[in-house]
Amino acid sequence: MHLTPEEWSALQLSLKVAFWAMVGSLPFGLAVAMVLARKDFWGKSLLNGIVHLPLVLPPVVTGYLLLLAFGRQGPAGIFLNEVFGIVLSFRWTGAALACAVMGFPLMVRAIRLSIEAVDVKLESAAATLGASRIWVFSTVTLPLILPGIIAGMVLAFAKAMGEFGATITFVSNIPGETQTLPSAIYTFTQVPGGDAAAMRLTLISICIAMAALAASELLARRAYKRLAAT
Amino acid sequence: MTISVDVQHRHESFEIDAQFESAGRLLAIFGPSGSGKTSLSNMISGLLNPNKGRIIVGGRTFVDTGRGIFVPPHLRRVGYVFQDGRLFPHLNVGQNLKFGEWFTPRAERYAQLDRVTDMLGIAHLMSRRPASLSGGEKQRVAIGRALLASPRLLVMDEPLASLDDPRKEQILPYIERLRDELKIPVVYVSHSIAEVSRLATDIVVLSAGRLTFAGQIADLMRRPDLLPIEERNESGAVLTATVQGHEHAYGVTILESPAGILQVPAVDAPPGTKLAIRIRARDVMVATKKPDGISALNILHGKIREIVPINPTQVEIDIECGSASLLSRITKQSVDALRLAHGLDVFAVVKTVSFDRTNITFGSAGET
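Sequence order for the protein chains is A and B.
If you want our numbering, it's the position in the first sequence, counting the first as 1, plus 8.
If you want our numbering, it's the position in the second sequence, counting the first as 1, plus 39.
Chain B extracted, bound-state conformation (with noise of 0.2 Å):
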C-alpha cells in the first residue's frame, strides 16, 4: 500500500509543505518538535485539512483540495494513537477497545480482540477504568483500541514520548510486532533517532515544517547533518546481520554481518534470526595498526573511504568493511596525528557493551 502526500499549508506564521511517497511497512516522520510532524499526522488522519495538496492511500484520495475532496475522519478508516492516549474516562477499558470496532462495517472486520489483547498484554485489564492504568498501560490500551477499528493504516503520534524508558522498553517489542506480524502500514511520528532506527523502514524528515529527506533509515544514519541538534550523536551505519550462535557464559551474541563478524550483548533469538543493528559513529575507535591487548571484542578491517568534517573539531570517517560501511566519529587531532586519510588501511574498534538494546532490531528494519 501506497502513501501518497503532497501538502502545502499554512496557519498564522507556521508553514508546512511536503512531498513524498511511500509503500514501506512503517514509515517513521521524523523531526524535532514544532517541525509539524503532528499537522502532517492529523492531515493524513483528517483531523486538519490542508490548505492545498493531495492526500492518497492505498489508491483512495482522502483529501484533494483542486477537486474539493475532503474525506471526514471517520470515512477514512486511518486508526491513530495519540501522544496523550486519549482513552475515554467514561468507559472502561473493554468498551474502549470495543469502541471502534462498532463503528466498522462487518465485513471489513479483521481485528480480533483476543488476539489483540493478547498481543498487547492487555486482556486482565478489561474491566478497569482508564483513569487506574499506568502510562505504559493506557498507550498498550490505546494501540490496542486503534486496531480493533480494523484501520487500513495506523498513524502513531509519538506514542511513547510520555513513558519513561522503561515503560518505552516494554512497548517498543509491541510495536515491533505490528510492524512484523499485521499487514497493514503504520506512520510512526517520532523525534527520537533510537525509536526511529529501531522501528523504521521508510522515513521522512522534517524540518521547520519542510522535507528534508525521504528515504531509507540507513542512508539517514549516515547524515549527521540532517539530524536534530540533541540526535546528532546517534548517527552512525546500520547493518542488518544474522545470528550465528550465542557464547552463554559470557552473555554474548555472535552476529555475521556484511562488515564482518560481530559480537554484542545476548539477543534472545535463535541462530538464523535477522536483526538490524546500529552501530553509533561515536562508538567506533579507528587503528591503523590492528589493536593488540584490547578489551575491545569486535575489530574490523577496513578502509578509508571519505573523511567528512562535522564540525570545526570533529570528523566522521566512512570505512569500507566487507560489502558494508561503518562510520566512525574522531577529532581533527586523532585525525592529522594518525595521518588518517583516504584510502588508508585501518582497523574498527567497537566494544560489544557499546551496544544496548535500542540499537539492536528484531525483524530487519532495514530492508522493506
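Here chain A stands alone, though its shape is the one from the complex (with noise of 0.2 Å):
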C-alpha cells in the first residue's frame, strides 16, 4: 500500500499523539484510581462525576472547554505558557491533551476495577512483614493491578487513536501539526477524489486498532497466567 506524505504524517503524528496521551495520563490515571478505590472523602462523587464527564459530554463541549482553559487567552494556557513555556493550543501537544481527557475515564475505570478486586489482606500481610506503604503499593498492589493498568493503557490508546470531535475543537485540523487520523479521513472524504485516501487510512486504523486490543490480550493474558496456578 503506497502512502502520500500528508498521509504518512497523519499516521505518525496519530501514534505519536495516542503514545503521550496515553503514557501522559497514566500517573493521574493511577492516582485517581487509588482515591476513588480505596479513599473515602467529602466530594468523592464530584471527583467521581468531572472524572466520567468527558464521557457523557459531546466531545466538541469537551474541546470547546479545552480551548476556553488552555488557549492562549484561557487562564490554564496563560500560566502553562509564563511558567514552562509550554503552547498547546493549535500544537500536537494539544491534540494530546484532548485525547487524553478523553480518554481517562475510561483509563480510570479499568484501573479503578482491578484496584478494587485486589484483597487488602495482601496488604496488610506485607506490612507486617516490614513493607512501609510505597513498597507495599509497589510490591503487591502494583503487580497485582498490572492486568487492569494495561487494559487502561489499551482503552486510552485506543480512544486516543479515534479522537476526533474534541481535537478538532480545540487544536483545530492542521496538516502535519495537528491533523491525526480521524481528521485526516474527514478532509479527504470532503475533497473530490479523496475517496481512495480515506479508504487506506481506514484500514490502517482498523489494523492499529486490532493490533492493540491483541497486544493488550497476550499481555493481560501473561499477567494473569502468573496469578493463577502453575
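Derived from the structure by calculation, the hints contain no laboratory data.
Every residue gets a Cβ at the ideal spot worked out from N, C-alpha and C, and that includes glycine.
Among the hints, erroneous ones may be present.
Stated by the list, open to error - Heads up, simulated DSBU-like pairs for lysine-lysine below, C-alpha to C-alpha not over 35 Å straight-line:
(1) K47(A) x K207(B)
(2) K129(A) x K47(A)
(3) K52(A) x K222(B)
(4) K91(B) x K222(B)
(5) K129(A) x K207(B)
(6) K137(B) x K233(A)
Claimed, not checked - Simulated DEER-style distance windows between Cβ atoms:
(7) T100(B) x S53(A): 17 to 27 Å
(8) D157(B) x G32(A): 33 to 43 Å
(9) Q209(B) x F27(A): 50 to 60 Å
(10) R49(B) x K52(A): 45 to 55 Å
(11) T100(B) x F36(A): 52 to 62 Å
(12) K129(A) x A326(B): 34 to 44 Å
Each of the two chains sits in its own frame; use the hints to bring them together as a complex.
In C-alpha cells:
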C-alpha cells in the first residue's frame, strides 16, 4: 500500500499523539483510580463525576472547554506559557491533551476495577512483613493490578487513535501539526477524489486497533497466568 | 520478653476491654469465635488501632493513646501468621519467603532460609506458586514467611483453623518446635482447647470482648465454666510427666507423673523426655474400692478434695493423687449411689486408649 507524505504524517502524528496521551495520563489515572477505589472523602462523587464527564459530554463541548481553559487566552494556557513556556493550542501537544482527557474515564475505570479486586488483606500481610506503604504499593498492589493497568492503557490508546471531536475543536485540523488519522479521513471525504486516501487510512486505523487489542490480550493473559496456578 | 496489653476498643456495637501481661514463651488468646481474639492480635501487630490504651512488647511501646503513640505495623517487627495464609499470589514460594527478609535491617536478621525451610519441611516447594499448594503447605509457607522477617514477636491467628485434623496434626509439631527452639515469644490465637492445651505456656481467655481468665493452662483446664460451651467436655487436669520406658510389644509408654505411674499409647520419645499430658475429666472413672478384673491400665489412688456441680446433672470431682490432682466428671446419680463425699478414699481409673496424640505434648507446655 502506497501512502502519500500527507497520509504518512497523519499516521505518524496519530501514533505520537496517542502514545503520549496514554503515557501522560497514566500517573494521573492511577492516582485518581487509587483515590476513588480506596478513599472515602467529602466530594468523592463530584470527583467521580468530573472524571466521567468527557464520557457523557459531546466531544465538541469538551474540546471547547479545553480551548477556553488551555487556549492562548485561557487561564491554564497563560499559566503554562508564562511559567513553562508550553503552548498547547493548535499544537500536537494540545491534541495529546484532548485525547488524554477523552480517554481518561476509560483508563480510570479499568484501573479502579482492578484495584477494587485486590484483597487488602494481602497488603496488611505485607505491612506486617516490614513493607512501608510505598513498598506495599509497588511490590504487592501494583503487580496485582497490572492486568487492569494494561487494559486501561490500551483503552486510552484506542480512544486517542479515534478521537476526533474534541481534538478538532481544541487544536483544529492542521496538516503535519494537529491532523490526526480521523481528521485526515474527514478531510479526504470532504474533497473530490479523496475516497481512495480515506479508505487507505481507514484500513490502517482498523489494523492498528486490532493490533492494540491483540497486544493487550496477550499482555493481560501473561499477567494473569502469573497469578494463577502453574 | 514481656507482652503488656491494656486496651479498650469499640467498633459499632462490639466492645473489647482487656488487660493482661505475659512473659511466657507461648501466650494463647483463647475464646469462641466473635470474642475479639483477632481484633486483639490485630492491635498487637498494628493492623488495628485501639480507641484507648497501651501495648508494650519487650519494653517497646507500640501503642499509647494517652501519649499519641502509634507505631505503624511495618516498623513493629511483629510477624503475623494469618488464618487464611495470605501468601502473595504473584510471587512463588521462595519469593514469598524472602519478602520480609528484604525489609529487615541486615543487623537484625537472625532467621536463616535453610534452617527455616528445613524446620517447616518446605525446602522442596521453593519454585511453586501459592495457588498450587495444599492447605497445609500454604500454612507452613506462611509461618516460614513470617519467621524469615526475623520478628521480635510472632502472632499466629488460628493458623490451623482452615485445615482438617490430619493436616493440623502435621503442623502442630512444627509449632511446638518453634516454641521450644526459637527464642521469639509467640502469641497464639485459637478457639480449640486441644491446640491451646498442647501449645500454650500462658493463656488468656476472652469472652464477648472481655477477659475472663489469665494465667496457666493447667488452672484453666480445671474450670469448665470458663471454657466455651462446645469445649466444656475438654476440661480436665494437665500434668507434667517424664517418660520412664516403653512396652514396645504392646505399644504402650510408661510415664512417671506427680499423680503416679501412667500408661499411655506409645510416644516416640526416649526415657527422660518431659511431656505435658492432659487427662480429660470425662475420661476418668471413680471407684470406691480398687477395681479388679478391669481392662483400664491406669488406676490411681487418691482422696476426694472437692465436688463441684457443673450443671444440674453432673459434677466434677477433684481427686488428690500424690502431689497432683485429677478431675473426674460423673453424674450426680453416681455421686449418690457411691456416697461420694469430701475426704473419701477413691481410685481414679483412666483407660490408656483415652489418651490421644492431642493430649500429649512434647516439651513441658505447662511450665514457662
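Now for the hints, and whether the structure bears them out:
{"no.": "1", "hint": "K47(A) x K207(B)", "verdict": "39 Å, violated"}
{"no.": "2", "hint": "K129(A) x K47(A)", "verdict": "16 Å, holds"}
{"no.": "3", "hint": "K52(A) x K222(B)", "verdict": "49 Å, violated"}
{"no.": "4", "hint": "K91(B) x K222(B)", "verdict": "30 Å, holds"}
{"no.": "5", "hint": "K129(A) x K207(B)", "verdict": "23 Å, holds"}
{"no.": "6", "hint": "K137(B) x K233(A)", "verdict": "22 Å, holds"}
{"no.": "7", "hint": "T100(B) x S53(A): 17 to 27 Å", "verdict": "41 Å, violated"}
{"no.": "8", "hint": "D157(B) x G32(A): 33 to 43 Å", "verdict": "51 Å, violated"}
{"no.": "9", "hint": "Q209(B) x F27(A): 50 to 60 Å", "verdict": "54 Å, holds"}
{"no.": "10", "hint": "R49(B) x K52(A): 45 to 55 Å", "verdict": "26 Å, violated"}
{"no.": "11", "hint": "T100(B) x F36(A): 52 to 62 Å", "verdict": "40 Å, violated"}
{"no.": "12", "hint": "K129(A) x A326(B): 34 to 44 Å", "verdict": "54 Å, violated"}
Against the hints set out earlier in the document, violations occur for numbers 1, 3, 7, 8, 10, 11, 12.
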